[in-house]
Amino acid sequence: EAAVTQSPRNKVAVTGGKVTLSCNQTNNHNNMYWYRQDTGHGLRLIHYSYGAGSTEKGDIPDGYKASRPSQENFSLILELATPSQTSVYFCASGNWGGDYAEQFFGPGTRLTVL
Amino acid sequence: AQSVTQPDARVTVSEGASLQLRCKYSYSATPYLFWYVQYPRQGLQLLLKYYSGDPVVQGVNGFEAEFSKSNSSFHLRKASVHWSDSAVYFCAVSVTGANTGKLTFGHGTILRVHP
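Sequence order for the protein chains is W and E.
Following the working numbering, the numbering of the first sequence begins with 1 at its first residue and continues without gaps.
Following the working numbering, the numbering of the second sequence begins with 1001 at its first residue and continues without gaps.
Hints were generated in silico from the structure; no laboratory data involved.
It is possible that part of the hints are untrue.
[Said to hold, decoys possible] List time: in silico DSSO-like cross-link candidates among lysine-lysine, alpha-carbon distance up to 30 angstroms: (1) 1049/E - 1102/E; (2) 57/W - 1049/E; (3) 1102/E - 11/W; (4) 1024/E - 11/W; (5) 1049/E - 18/W; (6) 18/W - 1024/E; (7) 57/W - 18/W; (8) 1069/E - 65/W; (9) 57/W - 11/W.
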């Protein structure tokens, strides 16, 4: 079965600090995604990647960077964290096209920026 | 750009009752359509998806959804709900013909099932 893991599961950061959220998938999927979930907004796409070495901006990329050093790993980086980035972050992986279009989600990381 | 509307923020039903959760999308062509479920403190799990063919698709745990091109809708249904179905349900769309797999989500519907 598809497996996407995230670390840490919970994080408290200070304003102005650097935060790195990590995601690992063992599905050998090409595509990976970072979303944030906020009440009243559903999930919104921050960054995504087609494969190792590639990153693309999603719908709300401002204040975030992403890194895809390998097929398995995809990180989300907040260089200067702000309280507005307090949220739950989800990573997902998937291949795309035809009948096998689907994304598999990790369990989420709850980030609080004080 | 595509968009998704789930008009009901909260739905409450009694156990054993039937259920319909509504989803309307805005997109010029037929997109990929998905329903995901999120249980408390967990990630999203796929219930079902539509890509082409029979407009009624079956999913896990007795859920089904019907695609309507004329109404731009993809409503989720279940004949008889169980208390364990209490969760948040998200409708999502993705464009066809592109390899990005980018999903656009609705805001979600919180389902509460009275035991």
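Given pair status - residue 1102/E, residue 1049/E, alpha carbons within 30 angstroms: The hint holds at about 15 angstroms.
30 angstroms limit on alpha-carbon distance, applied to hinted pair residue 1102/E and residue 11/W: The hint holds at about 26 angstroms.
Satisfaction of hint between residue 65/W and residue 1069/E, Cα-Cα up to 30 angstroms: It is violated: about 38 angstroms lies between the C-alpha atoms, which goes past 30 angstroms.
Given pair status - residue 18/W, residue 57/W, alpha carbons within 30 angstroms: holds (20 angstroms)
Hinted pair residue 57/W and residue 1049/E, Cα distance within 30 angstroms: holds (25 angstroms)
Distance restraint between residue 1049/E and residue 18/W, which requires alpha-carbon spacing of 30 angstroms or less: violated (38 angstroms)
30 angstroms Cα cutoff - pair residue 1024/E, residue 11/W: violated (35 angstroms)
Straight-line alpha-carbon gap residue 57/W to residue 11/W, limit 30 angstroms: holds (24 angstroms)
Agreement of residue 18/W and residue 1024/E with the hint, judged by alpha carbon distance not exceeding 30 angstroms: violated (39 angstroms)
The earlier numbered hints that this structure contradicts are 4, 5, 6 and 8.
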